[in-house]
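For reference, the chains in residue letters:
Number of protein chains: 2
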Amino acid sequence: MTGEPKTPDKFTVINELARRRCFYWQSYEIYGGVSGFVTYGFLGTKLKQNIEKKLRELFVNKLGVLEIESPVIAPSKVFEASGHVGHFKEPMIECLKCKRRFRADHLLREFAEIKESEAEKLSLKEVKEVIENRGIHCPECGGTFGEPKYFLTMFKTTLGPYSEAVGYGRPEAAQGIFVEFKHLYEMTREKLPFGVIQIGHALRNEISPRQGLIRLREFTIMDLEFFFDPEEPNCFILKDFENETLRLVLAENKLHGSEEIVEVAVKEALEKGYIKAEWQSIFMALAKKLLIDLGVPAEKQRFIEKLPWERAHYAVQSFDQEVYVERWGWVEVSGHAYRTDYDLKRHMQFSGTDMRVFKRHEKPVETEQIVVKPLMAKLGPVFKAEAAKVAKMLSEADPKEVEVSIRKNGYYMLGKHKVLQEHVEIIRQKIKERGKRFIPHVVEPSFGSDRLVYIALEFAYHVKDGRAILSFPREIAPVQVGVYPLVTKDGLPEKASQIYETLINEGFIVECDETGSVGRRYARADEIGIPLGITVDYQTLKDNTVTIRDRDSWKQVRSRIERLPELLHKYFRWKVDFEDLGQSFER
Amino acid sequence: MTGEPKTPDKFTVINELARRRCFYWQSYEIYGGVSGFVTYGFLGTKLKQNIEKKLRELFVNKLGVLEIESPVIAPSKVFEASGHVGHFKEPMIECLKCKRRFRADHLLREFAEIKESEAEKLSLKEVKEVIENRGIHCPECGGTFGEPKYFLTMFKTTLGPYSEAVGYGRPEAAQGIFVEFKHLYEMTREKLPFGVIQIGHALRNEISPRQGLIRLREFTIMDLEFFFDPEEPNCFILKDFENETLRLVLAENKLHGSEEIVEVAVKEALEKGYIKAEWQSIFMALAKKLLIDLGVPAEKQRFIEKLPWERAHYAVQSFDQEVYVERWGWVEVSGHAYRTDYDLKRHMQFSGTDMRVFKRHEKPVETEQIVVKPLMAKLGPVFKAEAAKVAKMLSEADPKEVEVSIRKNGYYMLGKHKVLQEHVEIIRQKIKERGKRFIPHVVEPSFGSDRLVYIALEFAYHVKDGRAILSFPREIAPVQVGVYPLVTKDGLPEKASQIYETLINEGFIVECDETGSVGRRYARADEIGIPLGITVDYQTLKDNTVTIRDRDSWKQVRSRIERLPELLHKYFRWKVDFEDLGQSFER
Numbered sequence: 007m008t009g010e011p012k013t014p015d016k017f018t019v020i021n022e023l024a025r026r027r028c029f030y031w032q033s034y035e036i037y038g039g040v041s042g043f044v045t046y047g048f049l050g051t052k053l054k055q056n057i058e059k060k061l062r063e064l065f066v067n068k069l070g071v072l073e074i075e076s077p078v079i080a081p082s083k084v085f086e087a088s089g090h091v092g093h094f095k096e097p098m099i100e101c102l103k104c105k106r107r108f109r110a111d112h113l114l115r116e117f118a119e120i121k122e123s124e125a126e127k128l129s130l131k132e133v134k135e136v137i138e139n140r141g142i143h144c145p146e147c148g149g150t151f152g153e154p155k156y157f158l159t160m161f162k163t164t165l166g167p168y169s170e171a172v173g174y175g176r177p178e179a180a181q182g183i184f185v186e187f188k189h190l191y192e193m194t195r196e197k198l199p200f201g202v203i204q205i206g207h208a209l210r211n212e213i214s215p216r217q218g219l220i221r222l223r224e225f226t227i228m229d230l231e232f233f234f235d236p237e238e239p240n241c242f243i244l245k246d247f248e249n250e251t252l253r254l255v256l257a258e259n260k261l262h263g264s265e266e267i268v269e270v271a272v273k274e275a276l277e278k279g280y281i282k283a284e285w286q287s288i289f290m291a292l293a294k295k296l297l298i299d300l301g302v303p304a305e306k307q308r309f310i311e312k313l314p315w316e317r318a319h320y321a322v323q324s325f326d327q328e329v330y331v332e333r334w335g336w337v338e339v340s341g342h343a344y345r346t347d348y349d350l351k352r353h354m355q356f357s358g359t360d361m362r363v364f365k366r367h368e369k370p371v372e373t374e375q376i377v378v379k380p381l382m383a384k385l386g387p388v389f390k391a392e393a394a395k396v397a398k399m400l401s402e403a404d405p406k407e408v409e410v411s412i413r414k415n416g417y418y419m420l421g422k423h424k425v426l427q428e429h430v431e432i433i434r435q436k437i438k439e440r441g442k443r444f445i446p447h448v449v450e451p452s453f454g455s456d457r458l459v460y461i462a463l464e465f466a467y468h469v470k471d472g473r474a475i476l477s478f479p480r481e482i483a484p485v486q487v488g489v490y491p492l493v494t495k496d497g498l499p500e501k502a503s504q505i506y507e508t509l510i511n512e513g514f515i516v517e518c519d520e521t522g523s524v525g526r527r528y529a530r531a532d533e534i535g536i537p538l539g540i541t542v543d544y545q546t547l548k549d550n551t552v553t554i555r556d557r558d559s560w561k562q563v564r565s566r567i568e569r570l571p572e573l574l575h576k577y578f579r580w581k582v583d584f585e586d587l588g589q590s591f592e593r
Numbered sequence: 007m008t009g010e011p012k013t014p015d016k017f018t019v020i021n022e023l024a025r026r027r028c029f030y031w032q033s034y035e036i037y038g039g040v041s042g043f044v045t046y047g048f049l050g051t052k053l054k055q056n057i058e059k060k061l062r063e064l065f066v067n068k069l070g071v072l073e074i075e076s077p078v079i080a081p082s083k084v085f086e087a088s089g090h091v092g093h094f095k096e097p098m099i100e101c102l103k104c105k106r107r108f109r110a111d112h113l114l115r116e117f118a119e120i121k122e123s124e125a126e127k128l129s130l131k132e133v134k135e136v137i138e139n140r141g142i143h144c145p146e147c148g149g150t151f152g153e154p155k156y157f158l159t160m161f162k163t164t165l166g167p168y169s170e171a172v173g174y175g176r177p178e179a180a181q182g183i184f185v186e187f188k189h190l191y192e193m194t195r196e197k198l199p200f201g202v203i204q205i206g207h208a209l210r211n212e213i214s215p216r217q218g219l220i221r222l223r224e225f226t227i228m229d230l231e232f233f234f235d236p237e238e239p240n241c242f243i244l245k246d247f248e249n250e251t252l253r254l255v256l257a258e259n260k261l262h263g264s265e266e267i268v269e270v271a272v273k274e275a276l277e278k279g280y281i282k283a284e285w286q287s288i289f290m291a292l293a294k295k296l297l298i299d300l301g302v303p304a305e306k307q308r309f310i311e312k313l314p315w316e317r318a319h320y321a322v323q324s325f326d327q328e329v330y331v332e333r334w335g336w337v338e339v340s341g342h343a344y345r346t347d348y349d350l351k352r353h354m355q356f357s358g359t360d361m362r363v364f365k366r367h368e369k370p371v372e373t374e375q376i377v378v379k380p381l382m383a384k385l386g387p388v389f390k391a392e393a394a395k396v397a398k399m400l401s402e403a404d405p406k407e408v409e410v411s412i413r414k415n416g417y418y419m420l421g422k423h424k425v426l427q428e429h430v431e432i433i434r435q436k437i438k439e440r441g442k443r444f445i446p447h448v449v450e451p452s453f454g455s456d457r458l459v460y461i462a463l464e465f466a467y468h469v470k471d472g473r474a475i476l477s478f479p480r481e482i483a484p485v486q487v488g489v490y491p492l493v494t495k496d497g498l499p500e501k502a503s504q505i506y507e508t509l510i511n512e513g514f515i516v517e518c519d520e521t522g523s524v525g526r527r528y529a530r531a532d533e534i535g536i537p538l539g540i541t542v543d544y545q546t547l548k549d550n551t552v553t554i555r556d557r558d559s560w561k562q563v564r565s566r567i568e569r570l571p572e573l574l575h576k577y578f579r580w581k582v583d584f585e586d587l588g589q590s591f592e593r
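Protein sequences appear in the order of chains A and B.
So in the numbering used here, spot 365 of the first sequence is number 371, and the numbers just go up one at a time.
So in the numbering used here, spot 154 of the second sequence is number 160, and the numbers just go up one at a time.
It is worth saying that the hints were derived from the structure and are not from the lab.
Incorrect hints may have been included.
Stated by the list, open to error - Heads up, simulated SDA-like pairs for lysine to any residue below, C-alpha to C-alpha not over 20 Å straight-line: (1) Lys68(A) with Gln504(B); (2) Lys379(A) with Arg443(A); (3) Lys68(B) with Glu250(B); (4) Lys188(B) with Asn21(A); (5) Lys576(A) with His575(B).
Claimed, not checked - Just some of the chain B residues that point at chain A, by a computed CB distance under 10 Å: (6) Val40; (7) Glu192; (8) Val363; (9) Phe364; (10) Arg366; (11) Glu368; (12) Pro370; (13) Thr521; (14) Val524.
We treat Cβ as the ideally placed atom computed from N, Cα and C, and that holds for glycine.
Please work from the sequences and hints to get the whole structure.
Here it is, written out as structure tokens:
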């Protein structure tokens with residue numbers, strides 16, 4: 007699957023274009039480069055910001071999800087509680103000869119044709135057996151491999167001047183939300199459901215990342231945690247999405263070796279139990295919409311359900327949204343996990359902070375409670391100095407258990423202490439419960455910003471008359487408008503500068519280019535995906551009109567300068583089409 | 007200087023408000039909190055984003071500076087070259103009794119009244135002497151201190167599975183720009199000057215941070231590196247800024263113990279040599295403007311020049327932009343360093359990559375060059391097996407030096423080899439130089455995003471009639487408009503919802519609040535700084551008008567619903583005042 011194909015594929019072509027045109031490239035090249043780190047240039051940074059802006063529009067502005075920003079570094083305790091210290095590791099194997107280290111499961115995929123989903127199931131012992139039985143040797147030097155072992159793929163550091171204060175770079179932004187849940191819940195006036203999103207850098211110390219923007223050690227993650235009451239799981243905006251179709255690959259089919267795509271409406275997916283949580287289904291519908299907005303047609307998207315052993319340790323159901331790309335086939339762009347109460351419960355256990363929320367009953371519910379009252383007068387003579395301790399332990403024991411044991415055996419063992427019926431009084435109290443406490447459930451859509459940048463580039467890229475064009479959807483194009491004086495004399499550049507200033511002040515992202523022939527400037531503009539090109543020519547000086555050129559059709563219209571701000575605002579808000587920008591015109 | 011004052015000061019009040027109203031709080035509170043880390047809630051995140059947006063408007067959109075995004079983690083080599091591994095450290099001292107660790111210079115300031123600028127000059131030995139002579143003991147337990155030593159205040163980690171691949175969290179975003187200089191220069195079509203900005207998280211492993219948003223271990227930095235030709239240092243937009251006044255505290259006055267503020271126009275500051283680089287002066291003027299836009303009046307700002315021993319290792323001149331805050335007095339909000347060619351030169355040395363740019367002379371310059379030609383026929387018999395080596399060494403020697411030595415002494419010593427006049431031919435060649443290579447110089451303005459958040463809060467905060475108001479400048483307010491149905495019946499909430507939806511779709515940040523009395527809702531809105539409140543009342547149902555309330559004056563006007571989008575767009579772009587929003591009205 008890896009390894010360079012002979013004729014350059016889209017991945018190769020796009021990486022070359024990205025480097026040459028300042029979208030992105032591998033960081034630290036002057037020091038030989040470091041795998042898994044990229045630097046975004048001017049165009050890449052803007053493209054990435056535009057994609058993140060679309061995500062904010064969808065979730066923050068429209069859906070009312072709340073955005074927070076928490077640190078990348080967290081103390082060890084956070085990731086012990088979240089389970090990452092225990093689970094966030096990959097099998098690694100070292101060549102005994104050249105000492106290079108590899109991800110064992112990747113070797114199995116590459117050299118033993120074992121599927122990813124199968125490789126993930128294997129224990130270290132099984133991995134070793136396959137390596138030996140299939141005679142897999144180091145792909146770099148042909149050497150023999152040592153024992154496979156697990157490598158924790160988090161970046162480790164220390165906080166402050168004490169070496170025992172271990173911290174990690176966060177592998178996901180979700181924990182920054184979970185640890186602050188109580189505070190965030192209070193801020194939303196203690197009402198469920200509500201969602202919190204965080205977009206920021208995250209770190210995964212991959213063993214040997216080799217897929218450009220697809221697998222990075224430092225990347226931008228967009229984690230949205232949506233908290234709801236599991237007893238009231240209904241999504242109140244389901245109506246708006248229920249007829250949206252989703253293309254699903256179900257776990258049950260995968261188990262039988264099939265990756266058949268089942269195309270169903272959201273409503274049907276819920277009715278048939280394909281998707282367990284209503285809120286999860288609408289996030290999947292929104293994720294599909296987002297990818298369409300980024301230029302990926304529905305038929306190049308699917309949601310593949312994870313098998314139990316493929317799922318992250320916190321999930322009871324999860325789907326990966328995948329997009330079909332030329333080199334790797336289906337590639338994950340977002341994950342949709344039903345995390346239940348896993349994270350909040352764990353942080354409650356590890357921190358001792360009550361993460362439960364209080365839900366008031368519509369009317370108080372009367373229930374009967376068993377109360378075990380220690381009779382000190384009886385306990386004293388028997389347990390002497392330990393009587394108080396026994397009484398305390400009794401009050402902390404489960405009253406139901408105490409009652410059953412005494413009824414059945416005549417005693418109840420409290421550690422080494424034998425408590426008899428005569429030591430206690432067991433009574434029944436009626437109490438009125440005004441509500442109950444519970445830990446909210448969570449569904450999480452999680453997007454990788456960098457992958458979306460790559461996907462947007464691959465789907466924008468095409469060739470017309472031998473020339474490369476990045477046909478970005480108009481609202482994510484990193485530069486919106488190019489301004490070109492036809493020649494660099496006779497006052498044309500000055501006129502172009504005025505237009506440039508006007509459009510900049512209106513908030514557009516504009517580039518003014520005076521270098522070389524207009525044809526070459528158009529070609530460059532197409533290659534970096536500028537949707538519209540405004541050319542100032544001699545007629546401009548006569549009648550204050552300019553030509554506007556469409557990147558994709560190469561058509562031109564002629565329009566009055568003073569109308570440009572209004573027309574362009576409408577164009578970039580999809581309120582008018584290119585043809586509406588002026589009089590059709592052939593140069 | 008530290009330690010809680012008795013009546014709560016603004017810092018205390020703002021931190022309390024920030025926590026309660028979801029601006030920010032210390033991270034990981036459920037695990038006891040970790041000093042130097044904060045989490046921004048919904049309002050803080052938006053406020054911070056708005057501040058960063060203003061900075062982008064100023065530098066990226068208007069000035070045309072290019073934005074990039076590089077990783078937080080970098081390989082060790084980057085920070086060895088940048089000088090951080092050698093210099094980025096603080097003197098630390100440990101209490102022998104309780105084992106707590108302190109920044110030694112902070113102790114000197116606190117307990118020996120030694121000024122920051124003086125403390126920074128002291129060697130470890132001198133620090134130790136002061137501690138002993140002044141009898142300074144552990145402020146926590148009274149114990150005796152051990153030997154002071156340096157602590158490297160970068161977060162250290164390893165990249166990938168090899169423990170020898172050391173990496174650090176970046177303490178500044180600047181290096182991510184410098185290491186990519188060649189690539190960025192090519193992208194700007196090899197023209198100087200140009201500027202590159204990066205806004206992102208940075209990490210400094212402070213020994214014991216205790217000042218809220220002012221001193222964080224993880225923070226957001228905005229580093230702008232402006233590259234120019236030191237032989238053409240003129241700023242072509244100086245005209246636009248030359249009359250802007252700056253309040254300077256000059257190093258020469260500081261040396262005499264004075265912090266006198268010299269108020270001068272940019273032009274004068276350059277003429278008098280107060281500021282060395284023209285570009286630096288305009289960035290200082292822009293920084294002043296930015297702070298004014300964030301709500302800090304000019305008289306609460308100053309630029310203080312750093313003394314040689316206070317400056318970072320890379321700077322030949324630097325000013326800190328400071329703002330006067332209640333608790334700490336003058337606090338740095340941005341740094342303005344003239345970094346010269348220091349960073350690029352170091353990366354050139356450490357990486358072997360040529361960081362020089364080529365400058366073409368207007369016409370080729372003819373120069374004379376001395377060439378020392380080894381005569382192999384003569385060298386051979388004398389140096390035998392070493393003749394070739396001697397010839398090579400000769401070609402690498404400075405020809406001028408060889409000529410002078412031979413003329414003066416009759417020989418030139420090449421290590422142990424004595425080269426005589428007869429061994430070489432010294433000739434003069436005329437050559438045409440078409441240009442020359444040089445390393446660009448850099449001025450850097452650098453802002454701390456988090457400090458600006460705190461500053462914006464402190465300057466927005468005031469009390470009116472016993473009520474707290476955050477009077478943010480209208481374009482940085484985290485929520486722009488509040489919508490309030492007077493009562494929750496008779497169709498008023500539905501009407502409010504419609505207005506809410508309309509405004510959201512127009513791109514405004516809007517909150518709809520139905521809880522409690524209108525008075526309480528206004529009070530809450532004032533406390534989180536919402537500039538405008540729209541109230542839907544019974545008259546709305548009759549004539550489709552609403553009241554608009556001003557946060558600061560509490561005045562109200564009445565306006566037609568259908569005009570709201572247009573009016574509000576104008577208001578938030580500072581095109582109209584509050585009074586222009588409708589008919590004056592007293593409730």
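Comparing the hints with the structure gives:
In summary, the hint linking Lys68(A) to Gln504(B) is supported, as the alpha carbons are separated by about 14 Å, within the 20 Å threshold. Proposed proximity of Lys379(A) and Arg443(A) is contradicted: the alpha carbons are some 25 Å apart, above 20 Å. The straight-line distance between the Cα atoms of Lys68(B) and Glu250(B) is roughly 18 Å, inside the 20 Å bound, and the hint therefore holds. Restraint check: the Cα-Cα separation between Lys188(B) and Asn21(A) comes to about 18 Å, which is no more than 20 Å; the hinted pair holds.
Our distance criterion of 20 Å between C-alpha atoms is met by Lys576(A) and His575(B), whose separation comes to about 16 Å. Interface hint at Val40(B): satisfied, since its Cβ lies 5 Å from the closest Cβ of chain A, which is below the 10 Å cut-off. Because the beta carbon of Glu192(B) sits about 9 Å from the nearest beta carbon in chain A, less than 10 Å, this interface hint is met. The interface hint given for Val363(B) is broken, as the beta carbon of that residue sits about 15 Å from the closest beta carbon of chain A, more than 10 Å.
A distance limit of 10 Å between C-beta atoms decides the matter here; for Phe364(B) the minimum to chain A is near 18 Å, and the interface restraint is violated. Nearest Cβ of chain A to the Cβ of Arg366(B): about 16 Å, over the 10 Å cut. The hint is violated. Nearest Cβ of chain A to the Cβ of Glu368(B): about 19 Å, over the 10 Å cut. The hint is violated. Residue-level restraint check for Pro370(B) is violated (minimum Cβ-Cβ distance to chain A is 24 Å; threshold 10 Å).
Restraint check, Thr521(B) versus chain A: the minimum CB separation of about 7 Å is within 10 Å; hint holds. A distance limit of 10 Å between C-beta atoms decides the matter here; for Val524(B) the minimum to chain A is near 17 Å, and the interface restraint is violated.
Figure legend: structure checked against the earlier numbered hints; hints not met, in rising order: 2, 8, 9, 10, 11, 12, 14.
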